[in-house]
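Chains as they are written, first to last, in the working numbering: chain E, 1 to 327; chain A, 1 to 338.
The reader is advised that the hints may include incorrect statements.
[To be verified] Think about it this way: if two alpha-carbon atoms lie no more than 30 Å apart in a straight line, the pair counts; the simulated DSSO-like pairs of lysine-lysine are:
(1) A:K266 - E:K257
(2) E:K257 - A:K274
(3) E:K257 - A:K152
(4) A:K274 - E:K295
(5) E:K295 - A:K152
(6) A:K151 - E:K257
(7) E:K274 - A:K215
(8) E:K274 - A:K151
(9) E:K204 - A:K274
(10) E:K274 - A:K266
[As the list claims (entries may be wrong)] Okay, the calculated bits of chain A under chain E, using three or more residues with CB under 8 Å as the criterion:
(11) 132–143
(12) 185–193
Treat the hints as calculated values from the structure; they're not laboratory data.
Keep in mind the model is a prediction, meaning the values are calculated, not measured.
Ideal Cβ placement from N, Cα and C applies to all residues, glycine included.
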Amino acid sequence: MTNLIEIKQLKKYFPIYRGVLLRRHVGDVRAVDGVDLSIQQSSTLGLVGESGCGKSTLGRCILRLIEPTEGKIIFDGRDITSLKSHELRDLRRDMQIVFQDPQASLNPRMAAGKIIGEPLDVFKLGDKSGRHEKINELMEMVGLDPAMASRYPHEFSGGQKQRIGVARALALNPKFIVCDEPVSALDVSIQAQIVNLMQELQEKLNLTFLFIAHDLSVVRHISDWIAVMYLGQIVELAPTEMFFANPSHPYTQVLLKSIPIPDPDAPAEYAPLKGDPPSPAAPPSGCRFHTRCPKRFEPCDKIPPVPVLIENNHTVACHLYSRGITK
Amino acid sequence: MNKSNDNTTHDSSGEHLLEVRNLSTYFTAEEGIVKAVDNVTFHLGYGETLGIVGESGSGKSVTALSILRIIQDPPGKIVGGEIIFEGRNLLNLSGAKMRDIRGNQIAMIFQDPMTSLNPVLTIGDQMMETFRIHGRISAKEAHDKSVAMLKKVGMPLAEERMRQYPFELSGGMRQRVMIAMGLSLKPKLLIADEPTTALDVTIQAQILELIREMKQEFGSAVIMITHDLGVVASTCSRVIVMYGGQIMEEGSVQEIFHDPLHPYTKGLLACLPKPDEKRERLDPIPGSPPGLAELNPGCPFEERCNVKMEHCFENRPALKFYKDQRRVACWLFDEFKP
Chain E
1 MTNLIEIKQL KKYFPIYRGV LLRRHVGDVR AVDGVDLSIQ QSSTLGLVGE SGCGKSTLGR
61 CILRLIEPTE GKIIFDGRDI TSLKSHELRD LRRDMQIVFQ DPQASLNPRM AAGKIIGEPL
121 DVFKLGDKSG RHEKINELME MVGLDPAMAS RYPHEFSGGQ KQRIGVARAL ALNPKFIVCD
181 EPVSALDVSI QAQIVNLMQE LQEKLNLTFL FIAHDLSVVR HISDWIAVMY LGQIVELAPT
241 EMFFANPSHP YTQVLLKSIP IPDPDAPAEY APLKGDPPSP AAPPSGCRFH TRCPKRFEPC
301 DKIPPVPVLI ENNHTVACHL YSRGITK
Chain A
1 MNKSNDNTTH DSSGEHLLEV RNLSTYFTAE EGIVKAVDNV TFHLGYGETL GIVGESGSGK
61 SVTALSILRI IQDPPGKIVG GEIIFEGRNL LNLSGAKMRD IRGNQIAMIF QDPMTSLNPV
121 LTIGDQMMET FRIHGRISAK EAHDKSVAML KKVGMPLAEE RMRQYPFELS GGMRQRVMIA
181 MGLSLKPKLL IADEPTTALD VTIQAQILEL IREMKQEFGS AVIMITHDLG VVASTCSRVI
241 VMYGGQIMEE GSVQEIFHDP LHPYTKGLLA CLPKPDEKRE RLDPIPGSPP GLAELNPGCP
301 FEERCNVKME HCFENRPALK FYKDQRRVAC WLFDEFKP
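The whole structure should be built from the sequences, with the hints applied where relevant.
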């Protein structure tokens, strides 16, 4: 299968300045720090990690909503890292985003139909009746009644608002959608509706997803591949089944154990991770996870581990699997 | 002030710590009267952990706020019922008596530790306030007790934290401060309203573990309000499922998860992605939770129910005992169908 997205050594540093008159550059928040990833055509890559690990920044860098500091983004065989704004404009038709908070991402003063049709207006696609038809078609596609097109966002429930967000993302027939925590703000019974909708649309329209989330059970359900991010770096990457059959990075293992299982008879494994994630402005030396890692040993605080292939398609960045380093 | 006794070994003799009877809390809104909590009855034993599960707008938080009588009035009002805490009806107490109960006997921790801590006071000021309001002690004593309490909830550098402001702490640390404040007077009841919803999973695991430890140590009963069924399964012994301001079902955690009776509970459990089975599609509950101002006279879940009957729209099923502690409000389990 071909890769729709390929990113190579992507970095995004946000500079930190001090002083008012004499602004000095005193450091960087390394939100994304050397990420290699590829996403296959018509598949879903689930990206998980704690808040502040850089997963949303990575998603936005791929769309070039945020300018990466370094690295390469290849979309559909074409290097888009240094495209000029007018070239980027055409590209944006192919790549869209669905946001976490449907309340905040819809303009409260615009009717639903107008919100969904705005991308068509921006790109001047079709005439008035053509756009009207397209809006109706999009609303039906996401399970909304086209008769509701004249209603405003506050008249919709949370799940319906998210459907409007999805319809807007689909308006330009994109190939690739970044889903940035699309179900986190929704009630449990509504989450399942939206997850199902995304899957149906993916099959029908041949879409490729980057699905960003912190809920591993949802990610497991929807993703073909899973990547775990910690402090700006990918620590583990594998196809979903392999990932859950053999979670290998100590951070992944802790993450999996931390999720409360909705079954009272599930074995209780209370080994919560100590401490908070360190600041991405001053990441720890060596392996970034070594300050909280239950399995750290000698070289972990000195040498940063490189990703190693531990089985077919399954890469882990941890010294437990590094060659030439023994415990 | 009541003398503190060891809650875990309390001779209950059929007595409950808390009994909520026919509680109704309504809000006046533009659309009309919103029945946020409607005729809710339940009890809580000494040292027990009760989970209240429900989606947004189910009335679970308003139930908690009603117990503490901190409903904003207007627009809200407790319009009926009784809240019996250790034999006294809290709804009949004077404002001063109620203030003595809050923090001292019943404490609450909220979802968002950023908005529930005062941003312009140091952690120390806020911790010490609890001690000084409820007991005549010196500032020095209050300071020492606060530091000891912060250490107990696993706060690193507790002395320094006392001088810091909430914004200087991470979300997990703030929630630890909230728990320390809540438990500092060894309350008999701790109400935790979505205590981990705003936190990352690894931090959530820490906080849930902390609540468990603290419960062991202080013997407090806990009401755990959450929408996360995983949290309920791993912390609670008994569960109440709420929907549309009413209790739909009550049972032990085993019963609720392994043998749910109410179609809503069944639906909630069915729509979770299960790790051990790979399904093509999830089974969502269709529709969305009802607006509380436009509830039909019958069962609030009727609109979304997949086994609804003709009379469900008009007639509200009563919450009836099914067996032992098991209660359910559904016509499927009521022999007296209208």
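Hint by hint, here is what the structure shows:
1. Restraint check: the Cα-Cα separation between K266 of chain A and K257 of chain E comes to about 25 Å, which is no more than 30 Å; the hinted pair holds.
2. Distance check on the hinted pair: K257 of chain E and K274 of chain A sit about 15 Å apart at the alpha-carbon level, within 30 Å; holds.
3. Of the pairs offered as hints, the one joining K257 of chain E and K152 of chain A holds, with about 24 Å between alpha carbons and a cut-off of 30 Å not exceeded.
4. For the suggested pair K274 of chain A and K295 of chain E, the alpha carbons sit about 29 Å apart, so the restraint of at most 30 Å is met.
5. Between the alpha carbons of K295 of chain E and K152 of chain A the distance comes to roughly 26 Å, so the proposed pair stays at or under 30 Å and holds.
6. A C-alpha spacing of about 26 Å is found between K151 of chain A and K257 of chain E, which places the hinted pair at or below 30 Å, so the restraint holds.
7. Among the hinted pairs, K274 of chain E with K215 of chain A is consistent with the structure: their alpha-carbon atoms are about 20 Å apart, no more than 30 Å.
8. Distance check on the hinted pair: K274 of chain E and K151 of chain A sit about 15 Å apart at the alpha-carbon level, within 30 Å; holds.
9. Under the criterion of a C-alpha separation no larger than 30 Å, the hint pairing K204 of chain E with K274 of chain A is consistent with the structure, at around 24 Å.
10. For the proposed pair K274 of chain E and K266 of chain A, the alpha carbon gap of about 36 Å is over 30 Å, so the pair is violated.
11. A count of 0 residues in the segment 132–143 of chain A with a Cβ less than 8 Å from any Cβ of chain E is obtained; the coverage claim is therefore unmet, three being the minimum.
12. Requiring three or more residues with a Cβ within less than 8 Å of a Cβ of chain E, the coverage given for the segment 185–193 of chain A is violated, as only 0 such residues are present.
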